[in-house]
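Chains A and B supply the protein sequences, listed in that same order.
Throughout the first sequence, residue numbering follows our numbering, covering 1 to 263 in sequence.
Throughout the second sequence, residue numbering follows our numbering, covering 1 to 377 in sequence.
Source of the hints: derived by calculation from the structure; they are not laboratory data.
These figures come from a predicted structure and were not determined experimentally.
Mixed in with the good hints there might be a few duds.
[Said to hold, decoys possible] Restricting the straight-line Cα-Cα distance to at most 20 Å, the calculated cross-link-like pairs of lysine to aspartate or glutamate (EDC-like) are: (1) Lys190/A x Glu47/B; (2) Lys43/B x Glu43/A; (3) Lys197/A x Glu57/B; (4) Lys34/B x Glu23/B; (5) Lys231/A x Glu43/A; (6) Lys261/B x Glu348/B; (7) Lys190/A x Asp18/B; (8) Lys226/A x Asp122/A; (9) Lys197/A x Asp305/B; (10) Lys58/B x Glu348/B; (11) Lys190/A x Glu7/B.
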Amino acid sequence: MESIVCIKQVPDTSEVKIDPVTNTLIRHGVPSIINPFDKNALEAAVQLKEIHGGTVTVLTMGPPQAVEALRECLSLGADKAYLVSDRAFSGADTLATSYTLAAAIRRIGKFDLIFCGKQAIDGDTAQVGPEIAEFLDVPQVTFVSKILVKQDNIQVEKEQDDGYEVIEVELPALLAVVKSINIPRYPSIKSKMAARKVEIETITAEDLDIDNGRLGLGGSATQVKKIFSPKKRSSGTMIQLDNDKEAALELFERILENSVFSM
Amino acid sequence: MDFLLTEVQMELMEMVKDFGEKEIDPIALEYDHKGEFPIKIYKKAFEMGLHTLEYPEKFGGSGVNAVTATVVNEELGKHDAGFATSVSAVGLAAKPVLIAGTDNQKKLFADLTIHGAFAAFCLTEPNAGSDAGSVKTTAKKVGNEYILNGRKCFITNGGVSNVYTVIATTDSSKGVKGLSAFLVERDREGVSVGKEEDKMGIRLSNTTDVIFEDVRIPETHLLGNEGDGFKIAMVTLDYSRPNVAACSVGICQAAIDHCVKYAKERTTFGKPIATLQAIQFMLADMEISTETARQYTRYAASLVDAKKPVSKAAAIAKCFAGDAAMKVSTDAVQILAGYGYSREYPVEKLMRDAKIFQIFEGTNQIQRLVIAGQMLR
Ligand SMILES: Cc1cc2nc3c(=O)[nH]c(=O)nc-3n(C[C@H](O)[C@H](O)[C@H](O)COP(=O)(O)OP(=O)(O)OC[C@H]3O[C@@H](n4cnc5c(N)ncnc54)[C@H](O)[C@@H]3O)c2cc1C
Ligand SMILES: Cc1cc2nc3c(=O)[nH]c(=O)nc-3n(C[C@H](O)[C@H](O)[C@H](O)COP(=O)(O)OP(=O)(O)OC[C@H]3O[C@@H](n4cnc5c(N)ncnc54)[C@H](O)[C@@H]3O)c2cc1C
Numbered sequence: 001m002e003s004i005v006c007i008k009q010v011p012d013t014s015e016v017k018i019d020p021v022t023n024t025l026i027r028h029g030v031p032s033i034i035n036p037f038d039k040n041a042l043e044a045a046v047q048l049k050e051i052h053g054g055t056v057t058v059l060t061m062g063p064p065q066a067v068e069a070l071r072e073c074l075s076l077g078a079d080k081a082y083l084v085s086d087r088a089f090s091g092a093d094t095l096a097t098s099y100t101l102a103a104a105i106r107r108i109g110k111f112d113l114i115f116c117g118k119q120a121i122d123g124d125t126a127q128v129g130p131e132i133a134e135f136l137d138v139p140q141v142t143f144v145s146k147i148l149v150k151q152d153n154i155q156v157e158k159e160q161d162d163g164y165e166v167i168e169v170e171l172p173a174l175l176a177v178v179k180s181i182n183i184p185r186y187p188s189i190k191s192k193m194a195a196r197k198v199e200i201e202t203i204t205a206e207d208l209d210i211d212n213g214r215l216g217l218g219g220s221a222t223q224v225k226k227i228f229s230p231k232k233r234s235s236g237t238m239i240q241l242d243n244d245k246e247a248a249l250e251l252f253e254r255i256l257e258n259s260v261f262s263m
Numbered sequence: 001m002d003f004l005l006t007e008v009q010m011e012l013m014e015m016v017k018d019f020g021e022k023e024i025d026p027i028a029l030e031y032d033h034k035g036e037f038p039i040k041i042y043k044k045a046f047e048m049g050l051h052t053l054e055y056p057e058k059f060g061g062s063g064v065n066a067v068t069a070t071v072v073n074e075e076l077g078k079h080d081a082g083f084a085t086s087v088s089a090v091g092l093a094a095k096p097v098l099i100a101g102t103d104n105q106k107k108l109f110a111d112l113t114i115h116g117a118f119a120a121f122c123l124t125e126p127n128a129g130s131d132a133g134s135v136k137t138t139a140k141k142v143g144n145e146y147i148l149n150g151r152k153c154f155i156t157n158g159g160v161s162n163v164y165t166v167i168a169t170t171d172s173s174k175g176v177k178g179l180s181a182f183l184v185e186r187d188r189e190g191v192s193v194g195k196e197e198d199k200m201g202i203r204l205s206n207t208t209d210v211i212f213e214d215v216r217i218p219e220t221h222l223l224g225n226e227g228d229g230f231k232i233a234m235v236t237l238d239y240s241r242p243n244v245a246a247c248s249v250g251i252c253q254a255a256i257d258h259c260v261k262y263a264k265e266r267t268t269f270g271k272p273i274a275t276l277q278a279i280q281f282m283l284a285d286m287e288i289s290t291e292t293a294r295q296y297t298r299y300a301a302s303l304v305d306a307k308k309p310v311s312k313a314a315a316i317a318k319c320f321a322g323d324a325a326m327k328v329s330t331d332a333v334q335i336l337a338g339y340g341y342s343r344e345y346p347v348e349k350l351m352r353d354a355k356i357f358q359i360f361e362g363t364n365q366i367q368r369l370v371i372a373g374q375m376l377r
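Only chain A is shown next, with the shape it has when bound in the complex (with noise of 0.2 Å):
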């Protein structure tokens, strides 16, 4: 089983703080982690290596300092890491990045399966795993949270709000995973001291076939406006009583208390 998994660094918190000025994320003094997500798709590949055999290749599009993020892969079990990075790549949207991702993973080679997070903490718009899919033109199952691999394909349980979906899937697939289909494991120190060793090598425009026009900024179909917290809403009041009918009449004194509708 080849497997590629596609990572992202992202900054260490879930509440993400913005200048309010630049309307930009305030990068400056917060840690850089794996998203988190994207260390339960790694964790789905190197289980499925150690039954069925085969690589782990990890591939993140992103700044130099993304090598520290391809390192912990690189501990967790990865054999090999790819670093997409080139001023050209900056500035990129979903569809810039997902275009660019695509390219690198057909200069990577021969691949059964794709991995994605289900969505990054931060960018949050869960469209990058879908969208390298249809570059490459291959099926894609979101929100997986189970796998079974089959004789000639694979089966996978697909999270719904009030269930599962099973669908089998040909191979090669790109596949986005949920944070219940798995726990990632720790590294140990063997593998730290192993994931050192390991040559990161670095893929940059030049070294991909593609059309510079699509590339970062200038290939970007959508451009960020403004970036805004939305206001803090007071939270509302609940009323719990025994009894429904109460709660009701409670509710109706309440309104009628606050003047919400004026009789």
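Model the placement of chain B with the ligands on the given structure of chain A, informed by the hints.
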């Protein structure tokens, strides 16, 4: 020695910190109160290779040097000293094998532990604590076997181990010169686990009696030669004391971290207690003890790495860091005052955990004997 940690050491410290924050911190207080053994979390630590830190890579261990081991043990100790004690007691048990064992014995010990199992070092007996030389457990040679009889007590990991390294007498007429060291697998007939201690502190670790009744082991399980046992035990303790000291430093750091945070938040008479000089001086004294203990501990470990005489330095590190942990954790309770004394807050646990570091692996009185002995040679 380089006084600064290497990039690798810092990376490993970060790795253990991440593990400690995610796995140990959330459960430590509850398991401490219940006196339970978090086996699942131990298994994760084993997968990371934290139990075989100094075991050579050649035999499947993590193969880090002594200084790196103290860095890892300090970080583990910061999250829970009992957890750190149980994990590093596997390393303690391994030391007699690494000091005196053949490659076959090293491989045997590795096969029994590396995949993720505990081991224990069995020296202490009901009548042989500080006076370790008066061990009464016997090992009688019969044909090409030894037959072990005796009772060990206060054995860390006693009830959970796959393998023991045991000090027993092969010739009681020779006193300490008649002691020998052995490898004994848990599943040998006649090996049993006695009472489990209900302890004041390090309650996430397991401490029990271990009993040997006509236990037959092949002669190939003798480590070194007959009569080497006491020497092997003493070198084992010399090498292991920096790790015990490191764990004490971890307790100190945990105490300081709680206090610094609390002192900034807690206000009395209209201002945070951190602005009071009385508190600042206590914090400064805690920091002085902790930093000094930390640096000296790493120095002692660097002597191990440099294969230089280490007895005195190891004893100083163990003694100074153990005393520091007791003092610093006591002061931490003082700074948090009523909240410090409450079992709802973690600092009273630190004080209970700290006490053992003045007792095991040689009491701090015995450390002073070792230090003075070296000085007066
Ligand atoms: C604060 C902020 C400002 C932004 N500003 C702009 C802007 O000015 N102009 C603009 O066009 N776009 C902008 N973006 C969007 C940016 O391009 C996206 O972050 C990026 O394309 C990935 O989309 P996403 O974060 O929503 O990832 P998702 O689509 O949610 O990610 C899904 C999965 O795709 C994979 N993946 C995502 N990104 C990568 C990557 N780089 N390398 C490898 N795998 C990856 C991972 O497996 C991930 O789990 C901004 C994003 C943020 C957070
Ligand atoms: C939680 C725990 C875990 C342990 N784990 C292990 C283990 O894994 N393996 C193992 O072999 N042992 C272990 N021990 C045993 C430990 O090492 C002994 O308890 C310790 O060495 C002290 O022995 P003792 O308790 O018999 O005290 P004693 O030797 O009876 O000492 C009593 C007091 O007298 C003092 N004293 C004794 N002799 C002198 C002297 N000559 N000069 C000055 N003062 C003296 C001591 O300092 C102490 O204050 C453990 C103990 C505990 C409590």
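The hints, checked one at a time:
1. A hinted pair counts as satisfied when its Cα atoms are at most 20 Å apart, and Lys190/A with Glu47/B qualifies at roughly 10 Å.
2. Straight-line distance between C-alpha atoms of Lys43/B and Glu43/A comes to about 18 Å, which keeps the hinted pair within the 20 Å bound.
3. Note on Lys197/A and Glu57/B: the hinted pairing holds, with a Cα-Cα distance of about 16 Å set against a maximum of 20 Å.
4. Taking the CA atoms of Lys34/B and Glu23/B, the gap is near 17 Å; set against the 20 Å cutoff, the hint holds.
5. Pair hint Lys231/A plus Glu43/A does not hold up; C-alpha atoms about 37 Å apart against a cutoff of 20 Å.
6. Proposed proximity of Lys261/B and Glu348/B is supported: the alpha carbons are some 16 Å apart, at most 20 Å.
7. Between Lys190/A and Asp18/B the alpha-carbon distance is near 17 Å, which keeps this suggested pair within the 20 Å criterion.
8. With a CA separation close to 15 Å, the supplied pair Lys226/A and Asp122/A stays within the 20 Å bound.
9. This hinted pair does not check out: Lys197/A and Asp305/B have alpha carbons roughly 23 Å apart, beyond 20 Å.
10. Using a Cα cut-off of 20 Å, the hinted pair Lys58/B and Glu348/B is violated, with the two alpha carbons roughly 42 Å apart.
11. The straight-line distance between the Cα atoms of Lys190/A and Glu7/B is roughly 15 Å, inside the 20 Å bound, and the hint therefore holds.
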